[in-house]
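J.: For reference, the chains in residue letters:
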Amino acid sequence: MRSLIDITDFSVEELYDLIKTAVHISENPDLYAEKCRHKKLATLFFEPSTRTRLSFEAAMLELGGSVIGFSEASASSATKGESIADTAKIVSCYADVIAMRSPKEGAALVASMNAKVPVINAGDGGHHHPTQTLADLLTIYREKGRLDNLTVGMCGDLKYGRTVHSLIAALSRYTGIKIVLISPKELELPTFVKREIVEKSGMDYVETTSLEDALPTLDVLYMTRIQRERFDSAEEYERLKDSYVLTVEKMANAKSDMIVLHPLPRVNEISVKVDDDPRACYFKQALNGKYMRMALILKLLEEAKNPVKETYSDQYVEGFKCTNKKCVSMTERELPNLFKKTADGKYRCIYCDKEAD
Amino acid sequence: MRSLIDITDFSVEELYDLIKTAVHISENPDLYAEKCRHKKLATLFFEPSTRTRLSFEAAMLELGGSVIGFSEASASSATKGESIADTAKIVSCYADVIAMRSPKEGAALVASMNAKVPVINAGDGGHHHPTQTLADLLTIYREKGRLDNLTVGMCGDLKYGRTVHSLIAALSRYTGIKIVLISPKELELPTFVKREIVEKSGMDYVETTSLEDALPTLDVLYMTRIQRERFDSAEEYERLKDSYVLTVEKMANAKSDMIVLHPLPRVNEISVKVDDDPRACYFKQALNGKYMRMALILKLLEEAKNPVKETYSDQYVEGFKCTNKKCVSMTERELPNLFKKTADGKYRCIYCDKEAD
Amino acid sequence: MRSLIDITDFSVEELYDLIKTAVHISENPDLYAEKCRHKKLATLFFEPSTRTRLSFEAAMLELGGSVIGFSEASASSATKGESIADTAKIVSCYADVIAMRSPKEGAALVASMNAKVPVINAGDGGHHHPTQTLADLLTIYREKGRLDNLTVGMCGDLKYGRTVHSLIAALSRYTGIKIVLISPKELELPTFVKREIVEKSGMDYVETTSLEDALPTLDVLYMTRIQRERFDSAEEYERLKDSYVLTVEKMANAKSDMIVLHPLPRVNEISVKVDDDPRACYFKQALNGKYMRMALILKLLEEAKNPVKETYSDQYVEGFKCTNKKCVSMTERELPNLFKKTADGKYRCIYCDKEAD
Chain A
1 MRSLIDITDF SVEELYDLIK TAVHISENPD LYAEKCRHKK LATLFFEPST RTRLSFEAAM
61 LELGGSVIGF SEASASSATK GESIADTAKI VSCYADVIAM RSPKEGAALV ASMNAKVPVI
121 NAGDGGHHHP TQTLADLLTI YREKGRLDNL TVGMCGDLKY GRTVHSLIAA LSRYTGIKIV
181 LISPKELELP TFVKREIVEK SGMDYVETTS LEDALPTLDV LYMTRIQRER FDSAEEYERL
241 KDSYVLTVEK MANAKSDMIV LHPLPRVNEI SVKVDDDPRA CYFKQALNGK YMRMALILKL
301 LEEAKNPVKE TYSDQYVEGF KCTNKKCVSM TERELPNLFK KTADGKYRCI YCDKEAD
Chain B
1 MRSLIDITDF SVEELYDLIK TAVHISENPD LYAEKCRHKK LATLFFEPST RTRLSFEAAM
61 LELGGSVIGF SEASASSATK GESIADTAKI VSCYADVIAM RSPKEGAALV ASMNAKVPVI
121 NAGDGGHHHP TQTLADLLTI YREKGRLDNL TVGMCGDLKY GRTVHSLIAA LSRYTGIKIV
181 LISPKELELP TFVKREIVEK SGMDYVETTS LEDALPTLDV LYMTRIQRER FDSAEEYERL
241 KDSYVLTVEK MANAKSDMIV LHPLPRVNEI SVKVDDDPRA CYFKQALNGK YMRMALILKL
301 LEEAKNPVKE TYSDQYVEGF KCTNKKCVSM TERELPNLFK KTADGKYRCI YCDKEAD
Chain C
1 MRSLIDITDF SVEELYDLIK TAVHISENPD LYAEKCRHKK LATLFFEPST RTRLSFEAAM
61 LELGGSVIGF SEASASSATK GESIADTAKI VSCYADVIAM RSPKEGAALV ASMNAKVPVI
121 NAGDGGHHHP TQTLADLLTI YREKGRLDNL TVGMCGDLKY GRTVHSLIAA LSRYTGIKIV
181 LISPKELELP TFVKREIVEK SGMDYVETTS LEDALPTLDV LYMTRIQRER FDSAEEYERL
241 KDSYVLTVEK MANAKSDMIV LHPLPRVNEI SVKVDDDPRA CYFKQALNGK YMRMALILKL
301 LEEAKNPVKE TYSDQYVEGF KCTNKKCVSM TERELPNLFK KTADGKYRCI YCDKEAD
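Protein chains in written order, with the numbering used here: chain A, 1 to 357; chain B, 1 to 357; chain C, 1 to 357.
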């Protein structure tokens with residue numbers, strides 16, 4: 001059964017097909033208005049995320065399907081101690097495709113290993129959030145006309161921002177991409193991501209602490225929120241926070257065809273006054289997210305008609321135990337501790353990608 | 001883009017058209033069962049209100065449309081600090097019409113200023129609740145055959161009861177209306193409402209503390225709940241509470257064609273035994289609310305086909321700051337503090353109607 | 001108006017008709033995909049229960065209908081003090097059938113006495129849960145080919161497990177049923193159930209504390225969860241808990257055509273490894289639950305076309321007051337305290353079945 005857990009589950013060709021479908025949907029919505037008639041999407045959100053959930057639900061409804069689900073853990077059977085695996089098995093009786101959001105890293109993977117229907121990862125802790133990346137890619141494609149030969153700035157919290165990591169992983173497969181990593185020292189891109197994705201792919205990159213210096217060079221600026229609690233000291237936060245806020249003044253130094261993206265919700269990192277700038281594309285991005293989710297649901301339901309039984313056993317090894325407290329393997333009952341060998345010769349947990357100790 | 005924030009946003013003629021449509025729907029539901037096919041309503045409820053939400057959802061479903069949304073703030077992006085304006089912009093990508101409930105006064109107005117789709121105020125704090133008034137008006141019209149030449153008693157908490165204020169504002173535009181204000185001193189109609197609406201319109205009114213005295217004179221009795229915490233002293237509450245409870249005994253002194261309304265939910269202010277009295281119309285009122293919401297959704301979606309860009313700037317002034325702690329301007333980021341000059345020469349916050357200090 | 005509050009509200013013949021319809025639906029889903037077009041189900045869940053709620057919602061959607069509702073009390077008007085009776089009356093304006101879950105025993109009965117549409121009890125505290133029993137019966141019927149002449153083991157918490165009590169009541173009407181009650185002393189089947197249902201029906205039964213001893217004799221094993229807090233002492237719990245966990249090893253001693261049921265969610269009382277055993281039928285049971293709910297909704301909506309006004313007064317007596325703290329009569333306003341005389345000559349509360357003091 002084909003699922004989408006990590007953006008790299010799909011090849012570059014598959015992503016391009018999704019993008020083409022999404023563009024076609026946006027231009028011909030009526031052609032798709034009954035495509036999923038009598039199909040049901042289950043939105044299993046173990047933590048709230050209105051935008052993501054509503055985007056999935058709107059996507060399914062615009063395909064003529066319907067939706068069941070829950071929007072927070074307190075409304076789920078998890079409070080009675082039900083495992084992710086059992087939830088996935090049971091919901092497979094009720095729905096044709098599942099979108100799962102969980103604070104546990106690897107939760108969607110566990111669900112996909114147990115469900116009888118396709119599972120879409122709608123965010124698993126700080127780990128993956130591939131449908132956000134689908135929205136990002138479609139927006140870049142539609143606004144810039146290409147996904148290669150671009151200078152892409154990533155600004156804000158590059159350490160914990162999973163959307164940034166996923167976008168870098170996605171972009172690393174295109175040619176001519178240069179990324180500009182703009183963040184305070186405390187929130188730099190993790191070494192693992194830098195080594196495993198950026199350097200391994202041979203992607204060009206520079207790091208800087210100055211948004212203002214970087215701005216004039218960028219084709220795309222990807223803004224993210226900086227959370228106060230990420231900083232070691234309150235003084236440091238106060239000293240730095242304003243320099244990562246995008247204002248009308250700063251926009252004056254950017255290229256006239258640069259585009260600004262943001263996974264949303266924003267707090268104050270982009271001034272509301274920037275919204276009127278035609279280069280501000282973050283609300284278009286939200287709309288594009290809906291079209292990509294429509295294309296994704298169509299693709300997965302189509303592939304589910306001829307499911308290929310996936311085998312996990314031969315690629316994975318036992319003998320390690322994950323130490324990541326947010327990993328789904330910490331709480332899921334009777335879940336085998338499985339690890340995979342990555343290119344650097346290390347073993348990583350298959351659920352959360354944490355390196356074995 | 002036409003929205004409904006305050007009942008007086010609609011003219012008397014428009015209200016009459018809505019009433020006629022609602023009556024037609026109630027008599028010919030099948031004619032409307034596919035009117036909103038492929039349309040979506042978003043119910044954005046930042047605080048729970050089952051009846052109002054279910055009424056909106058039933059309305060949209062009976063028009064053949066579908067529904068997305070959330071039923072309390074904890075399930076929304078507001079917990080991540082998203083502004084009302086951003087929520088409205090994003091949800092505009094997912095839905096064709098929005099019904100918003102918020103504890104913040106002016107929230108629906110802010111939403112309507114930012115949404116690309118019509119916004120219906122489903123209650124903004126103690127401020128407005130226009131769709132309740134639509135239900136009230138349809139019930140009076142259907143049961144009494146007219147909206148003019150009526151003696152209407154309002155009983156209970158007239159100070160904080162927003163449904164009472166909205167109904168008075170609506171009735172003030174009809175001729176021959178006399179209102180009888182029945183409440184303890186502590187919960188009298190606020191001077192502002194009395195002066196701005198009742199007296200300005202030249203409406204006839206009397207004030208009394210006795211439900212029993214007023215009852216025989218009424219064509220319509222609008223009951224509301226009296227909350228213990230509204231009273232200065234517990235003794236005062238104990239002394240008074242029973243006199244504002246409608247019982248079978250009290251009903252014996254009312255006209256044989258009087259009708260009893262209540263916005264619901266009731267606690268104990270109308271005895272369950274009164275439900276069997278044919279004059280008890282509060283459950284019919286709930287049903288009428290659904291029909292009026294159907295008519296309203298149809299009207300707003302129709303008008304949205306040819307949206308008129310509204311301009312706010314020329315009617316509003318800056319230079320004041322609202323001091324109402326429940327006003328949306330207290331928390332919404334980068335929201336301009338706008339005031340309007342009212343007939344009495346005072347300046348009032350456009351969001352919550354609080355007078356400038 | 002016909003409702004389903006207790007499994008014995010339906011005759012054996014009616015249950016058989018439901019089973020036949022459910023089987024037909026499962027084999028011909030397309031024939032039913034539009035049966036409830038323009039009909040609405042309200043899922044009023046005053047406490048969370050994902051599986052039950054999603055099963056009802058999937059059932060209604062697969063019949064072409066739609067769904068409104070809430071999934072926990074905090075999102076309902078109950079927090080404003082609305083009675084069950086009023087909620088039922090109002091929701092009757094919005095939906096064609098109601099599924100109600102409440103922690104209060106008798107809540108669904110009170111709802112059915114006030115609603116203008118059929119009410120399905122989706123669980124009322126520790127009292128009844130008839131649609132779970134429908135799922136159980138269909139699974140036994142489909143897997144064993146019959147509902148009579150079976151040895152059925154019930155294992156775990158037989159004291160508080162309402163699903164066990166309901167299943168025993170249902171099975172007591174078939175011939176040749178032998179039940180094997182497997183539990184620690186602390187969690188034995190209550191004397192009331194034993195006397196009123198098991199012995200009165202002349203059903204064969206044995207009691208044992210050993211799952212291993214009982215296993216080889218069973219045609220059906222119905223597992224339930226044992227909660228730590230049910231035990232008098234932690235030592236007792238630790239000593240016993242493993243003996244009531246079903247493992248691959250224990251399954252080796254069961255008949256080759258025995259079937260294992262579980263109302264779910266499970267915690268650890270059935271090892272995940274048992275899932276691969278073809279005798280493990282608990283996920284099929286979840287699927288069967290959906291089909292039975294579809295059959296039930298069809299039946300109740302069909303009967304609602306020609307509603308028979310039920311009269312309660314002549315069967316019930318006043319003069320007692322229920323002392324069960326979980327009884328709906330403790331909190332529901334102006335609810336008459338009604339009792340019925342049962343076969344043993346005692347008087348029991350009509351809402352929760354508690355014996356009068």
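Just so you know, these hints were derived from the structure itself, not from any lab. On a predicted model such as this, the values are computed, not experimentally measured, just so you know. Some hints here could point you the wrong way.
Because identical chains cannot be distinguished in the list, a pair is counted as satisfied if it fits within a single copy or across any two copies.
To be verified - DSS-like mimics (lysine-lysine), calculated; alpha carbons at most 25 Å apart, straight line:
#: 1; residue 1: K39; residue 2: K299
#: 2; residue 1: K273; residue 2: K116
#: 3; residue 1: K284; residue 2: K116
#: 4; residue 1: K284; residue 2: K250
#: 5; residue 1: K346; residue 2: K159
#: 6; residue 1: K305; residue 2: K284
#: 7; residue 1: K159; residue 2: K200
J.: Hints first: check each against the structure and report whether it holds.
T.: Going down the list of hints, with the structure as the test:
1. For the identical chains of this complex, K39 and K299 are neighbours both inside a copy (13 Å) and across copies (24 Å), given an alpha-carbon limit of 25 Å.
2. Proximity of K273 to K116 under the C-alpha cut-off of 25 Å is restricted to the inter-copy arrangement: shortest distance 17 Å between copies versus 47 Å within a copy.
3. For the identical chains of this complex, K284 and K116 are inter-copy neighbours only, at 13 Å across copies versus 34 Å inside a copy, given an alpha-carbon limit of 25 Å.
4. Taking the shortest Cα distances, K284 and K250 sit within 25 Å of each other inside one copy (21 Å), while across copies they are farther apart (58 Å).
5. Taking identical chains as interchangeable, the C-alpha atoms of K346 and K159 lie at most 25 Å apart only when both belong to the same chain, with a minimum of 21 Å there against 52 Å between chains.
6. Only between protomers do K305 and K284 lie at most 25 Å apart by alpha-carbon distance; the minimum there is 21 Å, versus 32 Å within a single protomer.
7. Proximity of K159 to K200 under the C-alpha cut-off of 25 Å is restricted to the intra-copy arrangement: shortest distance 19 Å within a copy versus 61 Å between copies.
Checked against the numbered hints given earlier, the structure satisfies every one of them.
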